[in-house]
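Trainee: Sequence:
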Amino acid sequence: MIEPGTYDDSEEDNGAKFDLPQRLLDAAGIGVDRLPMLHVVFDRMARQYIDILRQMAASAPYIAVQSVRNDRIGDALDVYEDKAIIAVLHAQEWDARILLGFDKQFIFSMVELLLGGDGEEEPFIEDRALTSVEQRLAHKMFTEAAQAMASAFEAIADVTLKVERLETRTEFAQTGRRSNQCVVCQMAAELIGREGEIFIVIPQSVLNPLRQNLTQVLSGEVAGRDTRWTKQFQHEIQKTEVKLTAVLEEQRLTLDEVAQFEVGLVLELNATPKTPVRLECNRQPLFNCKLGQVAGSYTVRIDELIQQDGDLLDDIISN
Numbered sequence: 008m009i010e011p012g013t014y015d016d017s018e019e020d021n022g023a024k025f026d027l028p029q030r031l032l033d034a035a036g037i038g039v040d041r042l043p044m045l046h047v048v049f050d051r052m053a054r055q056y057i058d059i060l061r062q063m064a065a066s067a068p069y070i071a072v073q074s075v076r077n078d079r080i081g082d083a084l085d086v087y088e089d090k091a092i093i094a095v096l097h098a099q100e101w102d103a104r105i106l107l108g109f110d111k112q113f114i115f116s117m118v119e120l121l122l123g124g125d126g127e128e129e130p131f132i133e134d135r136a137l138t139s140v141e142q143r144l145a146h147k148m149f150t151e152a153a154q155a156m157a158s159a160f161e162a163i164a165d166v167t168l169k170v171e172r173l174e175t176r177t178e179f180a181q182t183g184r185r186s187n188q189c190v191v192c193q194m195a196a197e198l199i200g201r202e203g204e205i206f207i208v209i210p211q212s213v214l215n216p217l218r219q220n221l222t223q224v225l226s227g228e229v230a231g232r233d234t235r236w237t238k239q240f241q242h243e244i245q246k247t248e249v250k251l252t253a254v255l256e257e258q259r260l261t262l263d264e265v266a267q268f269e270v271g272l273v274l275e276l277n278a279t280p281k282t283p284v285r286l287e288c289n290r291q292p293l294f295n296c297k298l299g300q301v302a303g304s305y306t307v308r309i310d311e312l313i314q315q316d317g318d319l320l321d322d323i324i325s326n
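Residues 8 to 326 (the working numbering) are what the sequence shown spells out, left to right.
I should point out that these hints are in silico values taken from the structure, not numbers from a laboratory. All C-beta atoms, glycine included, are put in the ideal place defined by N, C-alpha and C. Misleading hints may appear alongside valid ones.
Unchecked claim - The list that follows gives simulated cross-link-like pairs (lysine-lysine, BS3-like), each with its CA atoms no further than 27 Å apart: (1) LYS250 x LYS281; (2) LYS250 x LYS297; (3) LYS147 x LYS169; (4) LYS297 x LYS281; (5) LYS169 x LYS90; (6) LYS90 x LYS147; (7) LYS90 x LYS238.
As the list claims (entries may be wrong) - Ranges of calculated distance between the beta carbons of each label pair, as one might list FRET restraints: (8) SER74 x GLU257: 45 to 53 Å; (9) GLN142 x ARG61: 21 to 29 Å; (10) ARG61 x THR252: 20 to 28 Å.
Using the sequences and the accompanying hints, generate a full structural model.
Mentor: Structure follows, in structure tokens:
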């Protein structure tokens, strides 16, 4: 019986009791081992970022996910104080912010690579601010990395990531209270013989609405890989010696015409100094090049990639 002036709050109490485990779960966060698709997303981002950088520089860096862990935002950022540049990314569809960081060694090495360096110079280790040119190149690198991350999340949820600003001090790169839970992804990078690091900080509150999709492994996806084996495999491939052939022109001749060759015979070519030179490996066309000359030696400058009808690696595996 309910007395006048009172109300029955049993339904609210029951609702609160039923909602309490969910609220506690949201506050504490979910262990990354229960979010297998999150590993897949970061793995996919690393691969796509490599592809993007390959189009920007003469050689692409090696990037691989090293760890994905739970942490507090403040503790995660303190590790990189005075060691990294952090981009604050705005996720428009989620109305949230994500932190993407490059350590300075990665930025300096990548800038050197983008400007034509090959790692022969001593790495820059002095702590200094980025120049205006380095800042513009770093902003471009962050923008491309944000694009790779957004593309990697496509299987989970549509999102557009834009670089709001770059910060050199971690206290200005906050995306929530320092005590709030977050997920931290660390990626190792190797380029021109140097090492660097990429890291991502995503607040737990951003991932909670995506929890259901992140706990289900999609068909054909692999939740993680053996990074040590991948690194060793890539190193062995990079050490493989290959023979390149530069082809200026080819002519079809009959066996009778070849049989009439003799010493002193001059073969006329239709090629000119502007004729593209085809660079081949094992008779597999790779690049179109431009012929040049430096210090008395002929050179070829790569102009464009020759697109193949099929995947060469698939052909090798199938054989």
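Trainee: Please go over all the hints and tell whether each is borne out by the structure.
Mentor: For each hint, the structure was consulted:
At most 27 Å may separate the alpha-carbon atoms for a hinted pair to count; LYS250 and LYS281 meet this at roughly 24 Å. Proposed proximity of LYS250 and LYS297 is supported: the alpha carbons are some 19 Å apart, at most 27 Å. With a C-alpha separation of about 11 Å, the suggested pair LYS147 and LYS169 falls inside the 27 Å cut-off, and the hint holds. Between the alpha carbons of LYS297 and LYS281 the distance comes to roughly 7 Å, so the proposed pair stays at or under 27 Å and holds.
Under the criterion of a C-alpha separation no larger than 27 Å, the hint pairing LYS169 with LYS90 is consistent with the structure, at around 23 Å. Under the criterion of a C-alpha separation no larger than 27 Å, the hint pairing LYS90 with LYS147 is consistent with the structure, at around 19 Å. The suggested pairing of LYS90 with LYS238 holds, with an alpha-carbon distance near 25 Å, which does not exceed 27 Å. Take SER74 and GLU257: their Cβ atoms lie about 52 Å apart, and the range 45 to 53 Å holds.
Distance hint check for GLN142 and ARG61: the Cβ-Cβ separation is about 23 Å, which falls inside the suggested range of 21 to 29 Å. Taking the beta carbon of each, ARG61 and THR252 are about 23 Å apart, inside 20 to 28 Å as hinted.
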